[in-house]
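4 protein chains.
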Amino acid sequence: MSVTTDATGKQAGTAVSAESSETVNGLMLDEESFRLIMGNRLPFAQMLGLQVDYFAGDHVRLRAVFSERFLRPGGTIAGPVMMGLADAALYALVLSRIGPVELAVTTSLSINFLRKPEPADVIAEARMLKLGKRLAVGEVTLFSERPGVGDPVAHVTGTYSIPPPEDRAAQSHQV
Amino acid sequence: MSVTTDATGKQAGTAVSAESSETVNGLMLDEESFRLIMGNRLPFAQMLGLQVDYFAGDHVRLRAVFSERFLRPGGTIAGPVMMGLADAALYALVLSRIGPVELAVTTSLSINFLRKPEPADVIAEARMLKLGKRLAVGEVTLFSERPGVGDPVAHVTGTYSIPPPEDRAAQSHQV
Amino acid sequence: MSVTTDATGKQAGTAVSAESSETVNGLMLDEESFRLIMGNRLPFAQMLGLQVDYFAGDHVRLRAVFSERFLRPGGTIAGPVMMGLADAALYALVLSRIGPVELAVTTSLSINFLRKPEPADVIAEARMLKLGKRLAVGEVTLFSERPGVGDPVAHVTGTYSIPPPEDRAAQSHQV
Amino acid sequence: MSVTTDATGKQAGTAVSAESSETVNGLMLDEESFRLIMGNRLPFAQMLGLQVDYFAGDHVRLRAVFSERFLRPGGTIAGPVMMGLADAALYALVLSRIGPVELAVTTSLSINFLRKPEPADVIAEARMLKLGKRLAVGEVTLFSERPGVGDPVAHVTGTYSIPPPEDRAAQSHQV
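Protein chains in written order, with the numbering used here: chain V, 9 to 183; chain Z, 9 to 183; chain E, 9 to 183; chain H, 9 to 183.
Rather than coming from a laboratory, the hints here were simulated on the basis of the structure.
Hints may be right or wrong, so weigh each one.
If you anchor each label on the Cβ, the simulated ranges turn out as follows [claimed, not checked]:
hint : chain 1 : residue 1 : chain 2 : residue 2 : range
1    : V       : 173       : H       : 135       : 14 to 24 Å
2    : Z       : 126       : E       : 77        : 44 to 54 Å
3    : H       : 47        : V       : 174       : 40 to 50 Å
4    : V       : 141       : H       : 49        : 37 to 47 Å
5    : Z       : 61        : H       : 48        : 44 to 54 Å
6    : V       : 83        : Z       : 76        : 49 to 59 Å
7    : H       : 135       : E       : 73        : 20 to 30 Å
Yeah, the Cβ is synthetic: ideal placement off N, Cα and C, and Gly gets one too.
Extracted from the complex, chain V is given alone in its bound form (with noise of 0.2 Å):
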């Protein structure tokens, strides 16, 4: 990756991706890339049978397709799978919006169930609330794929840090 810097001095182009400064929609990372990360830099994601369905203009939607493994008592999906969906989906989001920044971390997140998760494939929808230099937040629902099967199992709400520039060129090398 380059990044140049203009006469002003200032980046230009500002942080990040791969190839393009900005991809057609107004991303700053396409799913491509994003299912390039996690497949090659997120182990757990794979795991968890994670898939990204698409990344829109306000919102990302990826999936955790269902597996006999994420079964709990009750006949329904245990919640760390609802979670690592969730904390995936916001990753998601934040790279869509900054970029390959692989750095951002969690530094916090809050979930509420809802209602119990048919034995099917959960879907997250992750929306931005706040996009900070420094830090991002942004909330999660969650659905389960079940025809019919409208309302929401749980609510996650979450904050990421952002590493400041200079700490995401020291990544480009690292990674």
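Place chains Z, E and H on chain V using the hints.
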């Protein structure tokens, strides 16, 4: 108390009972019984390599045995591993106080990530803040088992919904 | 109040409402009734200058009328004002759905402060995430009523414990 | 900055400074200095009748002196009083560790209400979970000052954003 195994081979003698008397240290469920529940009924706990260290009078201690699969960019342990461990620790805490009421479910969980955990086992110590008839509230402190590292890596509070006695009875038939 | 039972044995008009079974828009409590509760029973709401804007089918809207006493260092509005407003908005939301069950109590509340609110009225819009028999979960978005300022200043999720019908009956004698 | 000690061994003299050296017990701000900040700069703290009990090496203790205005239906103390007290206790905790950086602001707060507090003073004990350069995380346990009542009435975790040194300098001119 005795738990018999029916013809289908379900319920292999976990030590459990709604009316069970207390165990020696005042707990309603011992480590070995919880290990059976975790082993037989919580497959995600195995994905996360969870182990029970011990149950004590005022707290329980579990750990996630380190695996390369836990790593995330930056060389630290992924948040969902810590959330899954904390959730299991709260479940163990609640069941150690009320007995093997497997249908107790998390209703909310909040985590603050404090420090980046080294690539090592993560330890969770869970303590009860309130044990009501219908709701339990606990807190979990997570540590990295790294010699000389004493500060917590994360702090969690969570609430568990406890099913009323009639539903617990129903449960024993369902299971 | 009367609760009638229809032919199928289900309760028509379920529990609640001092005089009427349901208001015009499907709510179980109208703005004016809540204003009375707030005025007579919630003195802190007056300390905070809280007002009810309206109750709608899918959300309720309250505000904290600006006062110099709300300011904190930096010239912004103190966090406790926003927390108090959000809590009252959730209370209004819950009562608008279940009727004047004053003994409904907050069991948890989480707030993320997003932007520093200008010295102006703060507005709270509360929406229900889940209305169960015993637990309600809602979310509140807080805005600053400053022309041209659209982004939320804080986001809140909260849970309310709903007393069982027998305790509500007891309450109606107390109140 | 100078902190003098009177004949009884208590710290007299307040004073505060951005470059201040530590106080006797290792704190960067003493009770009296925080009382001045609270009295002059946090009018809501007076609405809530907040008082500083003491600052200790590992925690600080504040209280909300009981007032009839705190009551809510059920004869218990309203949630916003507890949230305001907890927020102020975290603010006191942070300032006691970093000095009089008034522009430190709450970024998130989560409270679990555990028991209904009696009509009596509410006491808050705040402890630091992590003190970073830019973010502090603390926990607060709230008690009712009722003889013989030992169990906590609420538990809070909160995060504070600490402005960078250059903004603190700017602040000292503003104040």
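The hints, checked one at a time:
no.	hint	result
1	173(V) / 135(H): 14 to 24 Å	violated, 34 Å
2	126(Z) / 77(E): 44 to 54 Å	holds, 47 Å
3	47(H) / 174(V): 40 to 50 Å	holds, 41 Å
4	141(V) / 49(H): 37 to 47 Å	violated, 27 Å
5	61(Z) / 48(H): 44 to 54 Å	holds, 50 Å
6	83(V) / 76(Z): 49 to 59 Å	violated, 32 Å
7	135(H) / 73(E): 20 to 30 Å	violated, 36 Å
In this structure, the hints that do not hold are numbers 1, 4, 6, 7, in rising order.
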